[in-house]
Amino acid sequence: MLSVKALFTEYPNERGETVKAAQDVSFEVPEGKLFTLLGPSGCGKTTTLRSIAGLEKPRAGEIAVGGRVVYSSKKGTFIMPNKRNFGMVFQSYAIWPHMNVFQNAAFPLEVGKARMSRQKIEEKVMRVLATVGLDHLADREATKLSGGQQQRLALARALTMEPKLLLLDEPLSNLDAKLRERMRFELKRLQRELKLTTVYVTHDQSEALALSHEIAVMNEGRIVQIGSPRDIYERPQNRFVAEFVGSANFLDATVLGREEQADLYRVQTAIGQMVCFAVEPLKPGDRVVISLRPEDVYMSAQRPETANAYEGVVDAKLFLGEFIEFQIKLAGTLLLARVHPSFSPVVGTTVHVGMNPEKCVAIPDADRRGAA
Amino acid sequence: MSAEGESLAGSAPKPALWQRFDLKWAVIGVSVAIVAYLALVPLVFLLWQSFFTPQTAAKAAEFTLDNYVQAYSSLETVRLFTNSLQFATGTAIFAFLVGTLLAWMNERTNTPFKKLFFALSIIPLIIPGILFVVAWILLGSPKIGIINLVLQNWFGTERVFVNVYSIWGMIWVEGLHYSPMAFLLMTAAFRSMDPAMEESAMMSGANIFQVAWQITLKLSWPAIFATLLILFVRSIESFEVPALLGLPVGIEVFTSSIYRAIHQYPSKIGLASSYAVTLLLITTVGVYFQSRLSSQGNKYSTMTGKGFRPRTIDLGPWRYFAAAIFIVYFLLIVVLPFLVLLWSSFQKFYSVPSMAALQNLTLDAYRFIFSYPTLARSVWNSLLLALGSATVIMLVTSVICWIVVKTKLPGRWLLDNLASLPMVFPGLVLGLSIMIFYLYFDIGIYGTIWIMFAAYITRFLPYGLRYNTTSMLQIHKELEESAEMSGASWATSFRRIILPLLKPGLVAGWIYVVIVSIRELAASILLYSPGTEVVSIVIWELWENGQYVELSALGVLFIIALFILVMLAQYAGKKFGIKEA
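Which chain is which? The protein sequence lines are S and L, in order.
As numbered in the numbering used here, the first sequence has no gaps in its residue numbers, which increase by one up to the final residue, 372.
As numbered in the numbering used here, the second sequence has no gaps in its residue numbers, which increase by one up to the final residue, 1581.
By construction, these hints were calculated from the structure, which means they are not laboratory data.
These numbers were taken from a predicted model, which means no experiment stands behind them.
Don't take every hint at face value.
Pulled a few chain S residues facing chain L out of the computed Cβ check, cut under 8 Å [what the hints assert, rightly or not]:
hint, residue
1, 107
2, 112
3, 138
4, 157
5, 277
Straight-line Cα separation of at most 27 Å, DSS-like style, residue types lysine-lysine; simulated pairs [unchecked claim]:
hint, chain 1, residue 1, chain 2, residue 2
6, S, 20, L, 1406
7, L, 1477, S, 20
8, L, 1408, L, 1503
9, S, 83, L, 1477
10, S, 57, L, 1024
11, S, 83, L, 1143
Heads up, the beta-carbon is just placed ideally off N, CA and C, and yes, glycines get one too.
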């Protein structure tokens, strides 16, 4: 449905230097799916979204929606944002303070190409306002809405124009934590019900994991991994993704050899030998980094039944309510573990530590490969 | 409309983002052209004129340096320079000291009558310079000044106590007139300072005056310097005080010399131009440093962005003294000038207040004013010019500041500077250069009201730009982008989103330009001709004719009208301000 090919976008900053915002960005979003661009601030995700919207003019590449090319550097095509018919929700919501709720939502229908009768506009707007649960506030001044209501109004405004594509630029980042969690559910429900092809930009990894069909993680203008939320979380392909999405322990390792099971390898690390998982085939002597999520580290009083079992000493401990975080010292290396509060040894205790080989993901070590 | 999308989509790639809309380009082009024409053309012709001999029917203009030689080789010029510097420096320091003391009292102490301080912000708007000077002549002239007569009466001497016809008198009157401006600028500086810095000095054991001197004042140093520069520039380009107080006793400064060079026969336009260029250089340097200071003043980073009010300092019994200072000041700047005009307006011939004079109160002066033939025309002209120029200025600058604030168009800083350029033009210099230009390029507006229209628009363009820019900066760019995403064209989103959101600045700026245009004198005085007089010119003519009581009557009416206008402005500002907040 949406296809972005080899997109490059640059813009000059205040000092006149060229900022390379998006570099060789390519992805496809199938009809009715929610696609997320995830990354830290300054990674080029918003620029990519704004390029799709037409608010930013890319330097090179091609963007097509449903077969209609809206931008192509080769053909010299650039369709104006107001002719693209994409709905967009901005980070600040961009609710117009001089209009009431109804007028805000009706604006796209009033300025659009198709001239509509007053009655038809009203009918459409009220239907959309009902969808987002704002129909009873239609006459209210837009500035009198709460944060969550403004967010829904921004969404309603994007929906009244029946867009071909919905673009969401960090729509939940201005809400407080509780409201954000609720809006997450609502957004997901709406998107799934209306089957809107959606591009979603966020720096919040839990939002991305919760909402998306597919996620592209971006760093320094480039897409570093595309995959389903589970893929991204459980099978990070590089250190950046492992670090940015969730938290992770990293262990430098050297490959010793293959295990009998497919995709499992035996490696040597600072804490001893370990069995790990790798997508790309590895050969003995390869240097890799093992990424291990803190919640995938088990702790127990007895030695666990797994290939990866070690003994360590509790170095520090943080009680965080839903779980306890431990720093465990294993042969001079500190390992972060996140466990249920039911198991709570005191600092200084020797404990057994285990991890499922499937969860120990070997990723190529970009820094060390050159040295090896 | 639909064809436009297709054709744009199919056309060749265009380098810039902004080359998309025809209408957008037309509007931008017209606005840029207006600004460039207004700001640059007079300046260029002023420079040109200062290097040429006058063009006559017999002889074409020739290149010459004579104007500068004549201007710079005489002792006269040295005196002119010294007088100007003395006058401007003295005025700046005097106004600054008074304004800063008042600002500190208002912002940082518990002086009583604080509500009255509010009035300080509107006084300069409601008492035009020329009326303030006339009032002070009635108060402080050696022969007819009430202050002298009263004191002479008390002490039974013939001694002259105060004399406004002197350099110190000029500094006194001009300084008083600009002190509310110093007050406003310094109030802003004190407000933007984090009170924690003063409070921590207090906690370290410093007393009130140590805090005020060592922390408050020293932290405001960039603001102090900027304020002094503004006051200096304003006084060196001011016309009313040098013309009314300086010229009669031969104390000439640049502005009064320019006026005299034009108004002698034959008029020496070249000489006036070379004086004007010199004056322009001085004001340019001043404005340049002042803008540098305001833009890089954050070394002292006293801005916190939070609007919290500091704890006020308890002056104890001294607060009555502070209140007394304030009341005396208030008498000097508003009450006495207004009362003296009011008094004189009810006289048949000007006389000092006394029981005898009280018997002769009459409304003759008002009858004269209402039947004065040029009055109705001048009021009409003033209104027409004020409303017209305010409207044009606000609309043009809204586009200009949209380009400057919202686009990444290369060269937009140039546009910003171009539109701010008239800031450095003293009113008289602007009048002179516009006069010269339309004298040589006769497009039929010389001697009509249109030449004044051009002058007003040029002169007040920077104010409009400032008001609009302040408002424009507060409009998040996403508000406009979301209109674009909704399918609105540039013209639609400018009309339906930008202009309504700009309304607070647009309305406030419009009213401000109306007020300052109605009082404009310095540029008008070289440009008016019979039939195109404005109200301030009528006041000037009455003064020249020695019709003091009639002038007073007109002045009183003028002040009342301006007062009503300013109150309306405050009301409108509050109304629109609250709605957008």
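Under 8 Å is the threshold here; is the Cβ of residue 107 of chain S close enough to any Cβ of chain L for the hint to stand?
5 Å, holds
Just to be careful: measuring from the Cβ of residue 112 of chain S to every Cβ in chain L, is the smallest value less than 8 Å?
Nearest chain L Cβ about 4 Å off; hint holds.
Is the Cα-Cα distance between residue 1477 of chain L and residue 20 of chain S 27 Å or less?
Holds, at about 21 Å.
Should the hint that residue 157 of chain S touches chain L count as held when the rule is a Cβ pair under 8 Å?
7 Å, holds
Given the hinted pair residue 20 of chain S and residue 1406 of chain L, is their Cα-Cα distance within 27 Å?
21 Å, holds
Is it true that the CA of residue 1408 of chain L sits at most 27 Å from the CA of residue 1503 of chain L?
24 Å, holds
Interface hint status, residue 138 of chain S versus chain L (Cβ within 8 Å)
18 Å, violated
Check the hint pairing residue 83 of chain S with residue 1477 of chain L against an upper bound of 27 Å on the C-alpha distance.
Since the Cα atoms of residue 83 of chain S and residue 1477 of chain L sit roughly 19 Å apart, the hinted pair holds (cutoff 27 Å).
Does residue 1143 of chain L lie within 27 Å of residue 83 of chain S when you go C-alpha to C-alpha?
Answer violated: residue 83 of chain S to residue 1143 of chain L is near 77 Å, above 27 Å.
Minimum beta-carbon distance criterion (8 Å), residue 277 of chain S to chain L:
44 Å, violated
Straight-line alpha-carbon gap residue 57 of chain S to residue 1024 of chain L, limit 27 Å
At roughly 18 Å apart (the allowed maximum being 27 Å), residue 1024 of chain L and residue 57 of chain S satisfy the hint.
Consistency with the previously given hints fails for numbers 3, 5 and 11, ordered from lowest to highest.
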